[in-house]
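Visitor: Which chain is which? The protein sequence lines are P and D, in order.
Okay, so the first sequence: first residue is 1 according to the working numbering, each after it adds one.
Okay, so the second sequence: first residue is 167 according to the working numbering, each after it adds one.
Hints may be right or wrong, so weigh each one.
[Stated by the list, open to error] Here are the simulated lysine to aspartate or glutamate pairs, EDC-like style, with alpha carbons at most 20 Å apart:
(1) P:K124 to D:E399
(2) P:K124 to D:E377
(3) D:K202 to P:D73
(4) D:K202 to P:D115
(5) P:K130 to D:D209
(6) D:K214 to P:E54
(7) D:K202 to P:E26
(8) D:K214 to P:E46
(9) P:K124 to D:E216
(10) P:K124 to D:D224
(11) D:K214 to P:D100
(12) D:K202 to P:E54
It is worth saying that the hints were derived from the structure and are not from the lab.
Remember, it's a predicted structure, so these values are computed and weren't measured experimentally.
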Amino acid sequence: VPKKCQKAREHFGTVRTQLESLKFHEHWRFVLQRLVFLAAFVVYLESETLVTREAVAEILGIEADRERGFHLDIEDYLSGVLTLASELARLAVNSVTAGDYSRPLRISTFINELDSGFRLLNLKNDSLRKRYDGLKYDVKKIEEVVYDLSIRGLNKEATVGAGGEK
Amino acid sequence: GSGGFRKRKHDNFPHGPRREEKENVNPSSALMTSFKSFQLELDTRHDKYERLVKLSRDITIESKRTIFLLHRFTSAPNGEEILDESEVKLDAVRRKIKQVAQELIGEDMYQFHRAISPGLQEYVEAVSFQYFIKTRSLISVEEINKQLIFTAEDREETTVTTSNSHDKQPHTWSLKVTPVDYLLGVADLTGELMRLCISSVGNGDIDTPFELSQFLRQIYDGFTFIGNTGPYEVSKKLYTLKQSLAKVENACYTLKVRGSEIPKHMLADVFSTKTELIDQEEGL
C-alpha cells in the first residue's frame, strides 16, 4: 500500500501545475470585453455601424473561434457591444452640449436597432443578461435627449428614415 | 415576457417618436441579420448545455448507485459478483460519458465544464472506489482517462467506418477528466472510505481500518501539498477530508486501545455511537 500511495503523492504534484490553466480564461474575460468595446467604439466613430465579430477578432489579432482560451466568444462580443451602448448614451448627451444636434439622432437610430437585435436573443440569467438589462436605460436616456431636442425644434434635420440600413 | 414588463416602465414618457423609430428598424439589415444568427448560436449552445446537464445527472445517479453497491462488498463469496456488477454499472456510466464526449466535439470544453463537472466527479469517486477495493491503491487520472477513450463500435456507427470507406478516419471520442474534477472526486472518495472503515469493523475486519488510515493519510498529505493554491472547492473538500481522516484515526485508536478487551462481534457497537449517527446524516 505505501508504495502505491507514494505514486499517488507524486501524482498530486503534477496535478498541481495543471490547476492554473483553466483560470486564465476567466481572468482574460474582463479585458477581452473591454477590448471589444473599444474596437466597437472606434468603428462606430468611423462609420456609425456596428463592428462585426470577425472584424473585432481581426482588430485584436485573435482567432474568431475555438482556439483554446483566446478565441472571441460570442458572449464577450455581446458584452462589449452593450458597453458601447452605454458609452453612446454618454456621447449623445455630450454632443448636445457641444452643439452637435444631429449626432444624437443618428445614435438614437443606431441604439434602437441594437435594442431590436438584442430582443431577438434568448438569454439565460447570467452576467450577459444583467448587462443587457442596462440597455433599456441607455435607450431611454438617448430618447430623452432626442425628445429634448425635438420639442425645442433643435433637430432641424428630419429623423433619418428607414434607419436600419446600416 | 420581459418585453412587456419593460414597456410599462416607459409609461410616463412620450410614445410618439419612439414608436415611430422602432417601426423604422429594417428587419433585414446587416445588424438584424447578424443578431438573428446570434440568436441561433446562443439557443444552440444553451440546448447543448441542457443536454449535458441531463447527462451529468444520469452519470451522477448511476455512479452513486455503484458506490452503494460496492459498500456491500465483503471478502465473502458474493464479493466477486458485486465487483462484476459494479463493472457493468460503470460501463453504463461510461456509455453516458461517451455521449458527453460526442456532444463536446469541436466545442470549447471550458464553456460546458460546469454542466458536466458534478457528474464526472461522482464518476471518479465511483471508479476509484472500485479500484481501491480491487487493488488497495489509488487510481491515477491517466488510468481513468484511458478508460474514457471510445471508438465507434456500436452497430449504428459502423456504417460510417467500414474498412472500405474513403474516409479512413476511425471515429474516436475521448473525454479527459480534468485535474480539478479528479481531485474533487478523490476527496469525495475519502468520505466513502471512511464509511468503509467503520462498516468493516462491524464486519469483524480489524485489518482494513489500519490500512485505510494509512491510505487516507497519504491522500491527505497529497492534498496539503496543494494547499490553498487550488480552486475554492478543493479547499472546502479538504476540510471534510480532515474530518474523515480523524474519524478513521479515532476508529483505529479505539481498536488499538480497546479492541483486545471487546469481543469482535461487539466491536460494531463500540462504533455505533456518534459515528453511525453522523453517517446517517451524511447519507443520501
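Visitor: Against each hint, give a clear statement of whether it holds in the structure.
Guide: Verification of the hints:
Proposed proximity of P:K124 and D:E399 is contradicted: the alpha carbons are some 24 Å apart, above 20 Å. Taking the CA atoms of P:K124 and D:E377, the gap is near 49 Å; set against the 20 Å cutoff, the hint is violated. Our distance criterion of 20 Å between C-alpha atoms is met by D:K202 and P:D73, whose separation comes to about 16 Å. With a C-alpha separation of about 13 Å, the suggested pairing of D:K202 with P:D115 holds against the 20 Å cut-off.
The suggested pairing of P:K130 with D:D209 holds, with an alpha-carbon distance near 18 Å, which does not exceed 20 Å. Between D:K214 and P:E54 the CA atoms are separated by roughly 24 Å; this puts the pair beyond 20 Å, and the hint is violated. In summary, the hint linking D:K202 to P:E26 is not supported, as the alpha carbons are separated by about 27 Å, beyond the 20 Å threshold. Note on D:K214 and P:E46: the hinted pairing is violated, with a Cα-Cα distance of about 38 Å set against a maximum of 20 Å.
For the suggested pair P:K124 and D:E216, the alpha carbons sit about 12 Å apart, so the restraint of at most 20 Å is met. Distance restraint check for P:K124 and D:D224: the Cα-Cα separation of roughly 23 Å exceeds the 20 Å cut-off, and the hinted pair is therefore not satisfied. Straight-line distance between C-alpha atoms of D:K214 and P:D100 comes to about 48 Å, which puts the hinted pair past the 20 Å bound. The straight-line distance between the Cα atoms of D:K202 and P:E54 is roughly 16 Å, inside the 20 Å bound, and the hint therefore holds.
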